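Undergrad: Letter by letter, the chains look like this.
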Amino acid sequence: GQQLNQSPQSMFIQEGEDVSMNCTSSSIFNTWLWYKQDPGEGPVLLIALYKAGELTSNGRLTAQFGITRKDSFLNISASIPSDVGIYFCAGHPTGTASKLTFGTGTRLQVTL
Amino acid sequence: DAGVIQSPRHEVTEMGQEVTLRCKPISGHDYLFWYRQTMMRGLELLIYFNNNVPIDDSGMPEDRFSAKMPNASFSTLKIQPSEPRDSAVYFCASSFEQGVPGANVLTFGAGSRLTVL
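These protein sequence lines are chains A and B, in that order. Its first residue numbered -3, the first sequence is counted upward by one per residue in our numbering. Its first residue numbered 367, the second sequence is counted upward by one per residue in our numbering.
Next comes chain B alone, as it looks inside the complex:
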């Protein structure tokens, strides 16, 4: 299996521009998660989907952030307009529910490093 695939790996953009990050989860996984990692705040859960349906988006910073999962093999995280404080590494992760209830074990992608100038 190729694992969780994210693109782009690096993105440098100017403030005000739209940014779209993409993720292909592992085939057969029914959960998909978007995390943001910064030095100050560590790993933060932004949103997660189950069977393509958004379940919890309470971590999404504000209306400038949106995420979609049109099908089981693709998700996007969009920032519009982008701001310098959005600079971070954004990770996508996928999982399936293990035999033990609540025991989702996440597999992460390599991340998308975003720099907003």
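Okay, chain A solo, but in the shape it has when bound:
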């Protein structure tokens, strides 16, 4: 099935640094979602985006729905150790009302 291209695959950063990751698709998406997965747990929703150009924040997290509707990015400011985990983008391609397609994930490591 279709996959979203997510980059980078992994990041090693120091506490306090800002983080940026993005997701691209060859087709148009109706929604973009960002999830975080902690070890041994299921993905948890961070931010949901519903309109092209939409910019939404959730605490230190900011995400945007790209104007072309084919991409999205997630920024984390002033990272802290508990930001460690795998971040997934996900979205609904046009014409798939219910099926959510996931990106390949970005593994984030934060060092003190």
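Since the hints were made in silico from the structure, they are not lab data. Don't take each hint at face value.
[Stated by the list, open to error] Short derived list, chain A residues pointing at chain B, Cβ under 10 angstroms:
hint, residue
1, S23
2, T27
3, L29
4, Y31
5, G36
6, E37
7, G38
8, P39
9, L41
10, A44
11, A86
12, S94
13, F98
14, G99
15, T100
16, G101
[What the hints assert, rightly or not] Footprint (simulated), chain A over chain B, 3 or more residues, beta carbon under 8 angstroms:
hint, region
17, 388 to 396
18, 409 to 416
[Unchecked claim] Distance ranges between label pairs, derived from CB positions:
hint, chain 1, residue 1, chain 2, residue 2, range
19, A, S23, B, N417, 21 to 31 angstroms
20, B, N417, A, L41, 15 to 25 angstroms
21, B, K444, A, D14, 43 to 53 angstroms
22, A, L41, B, E380, 34 to 44 angstroms
23, A, T107, B, P447, 21 to 31 angstroms
24, A, V40, B, M381, 32 to 42 angstroms
25, A, Q10, B, Q446, 23 to 33 angstroms
26, A, N1, B, E463, 38 to 48 angstroms
27, A, L51, B, Q446, 46 to 56 angstroms
These numbers come from a predicted model, not from an experiment. Using N, Cα and C, we set each Cβ at its ideal position, and we do this for glycine too.
Please arrange chain B on chain A, whose structure you already have, making use of the hints.
TA: Showing chain B alone in chain A's frame:
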């Protein structure tokens, strides 16, 4: 709300055995999804239900896999016979359709880690 509840959390079985994974969705959610997660393939949608009816099972790997949703509060994913390549984490997720068409936002369970020896 207790969230999406999956059982068992861990299962170790031998090749050829039947495996049954269980899921209780969030009350009031009318969509239920089964995903499989592996290092190689990431998160893959296996099947999803709407109002207890299977809508799309195109992700089910083969006939050894089957899923049922006998009522709004329970679903099973069965593998018979199991094979080592079925080893993965299986997630159940539920949702309801948001106000924006096509904007299902999924809530995931903690997953069932399956190891087939």
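Undergrad: All hints, please: hold or fail.
TA: The hints, checked one at a time:
Look at A:S23: its Cβ only gets to about 14 angstroms from chain B, farther than 10 angstroms, so that hint breaks. Look at A:T27: its Cβ gets to within about 5 angstroms of chain B, closer than 10 angstroms, so that hint holds up. Hint status for A:L29: holds, given a least beta-carbon distance of 6 angstroms to chain B, under 10 angstroms. The beta carbon of A:Y31 comes within 8 angstroms of a beta carbon in chain B, closer than 10 angstroms, and the hint placing it at the interface holds.
Because the smallest distance between the Cβ of A:G36 and any Cβ of chain B comes to about 7 angstroms, under 10 angstroms, the interface hint for this residue holds. Proximity of A:E37 to chain B holds as hinted, the smallest CB-CB distance being about 5 angstroms (cut-off 10 angstroms). Because the smallest distance between the Cβ of A:G38 and any Cβ of chain B comes to about 3 angstroms, under 10 angstroms, the interface hint for this residue holds. Interface hint at A:P39: satisfied, since its Cβ lies 5 angstroms from the closest Cβ of chain B, which is below the 10 angstroms cut-off.
With 10 angstroms as the threshold, the beta carbon of A:L41 comes within range of chain B, its nearest partner Cβ sitting at about 6 angstroms, so the hint holds. Taking 10 angstroms as the C-beta contact cut-off toward chain B, the hint placing A:A44 at the interface holds, the least distance being around 5 angstroms. With its C-beta approaching chain B no nearer than about 8 angstroms, A:A86 sits inside the 10 angstroms limit, and its interface hint holds. A cut of 10 angstroms between beta carbons decides the hint on A:S94: the least distance to chain B is about 5 angstroms, and the hint holds.
Satisfaction of the interface hint for A:F98 is found here, the shortest Cβ-Cβ separation to chain B being roughly 4 angstroms, below the 10 angstroms cut-off. The beta carbon of A:G99 is positioned within 10 angstroms of a beta carbon in chain B (closest approach about 8 angstroms), and the interface hint is therefore held. Annotation: A:T100 was flagged as interfacial toward chain B, and the flag holds, the nearest CB pair being 5 angstroms apart, inside 10 angstroms. Among the interface hints, the one on A:G101 holds; its C-beta lies about 6 angstroms from the nearest C-beta in chain B, closer than the 10 angstroms criterion.
With a cut-off of 8 angstroms between beta carbons, the region 388 to 396 of chain B has 0 residues touching chain A; three or more are needed, and the interface restraint is violated. With a cut-off of 8 angstroms between beta carbons, the region 409 to 416 of chain B has 5 residues touching chain A; three or more are needed, and the interface restraint holds. Taking 21 to 31 angstroms as the suggested C-beta distance range, the pair A:S23 and B:N417 conforms, at roughly 28 angstroms. Roughly 22 angstroms separates the CB atoms of B:N417 and A:L41, a value that falls within the hinted 15 to 25 angstroms.
With their beta carbons about 46 angstroms apart, B:K444 and A:D14 fall inside the hinted range of 43 to 53 angstroms. Judged by the Cβ atoms, the range 34 to 44 angstroms given for A:L41 and B:E380 holds: they are separated by roughly 36 angstroms. Separated by about 45 angstroms at the C-beta atoms, A:T107 and B:P447 break the suggested range of 21 to 31 angstroms. Evaluation of the 32 to 42 angstroms hint for A:V40 and B:M381 yields a pass: the beta carbon distance comes to about 33 angstroms.
For the pair A:Q10 and B:Q446, the supplied restraint of 23 to 33 angstroms is violated, since their beta-carbon distance comes to about 49 angstroms. Checked against the hint of 38 to 48 angstroms, the C-beta distance between A:N1 and B:E463 comes to roughly 27 angstroms, which is inconsistent with it. A:L51 and B:Q446 have their C-beta atoms about 48 angstroms apart, which keeps the hinted 46 to 56 angstroms range intact.
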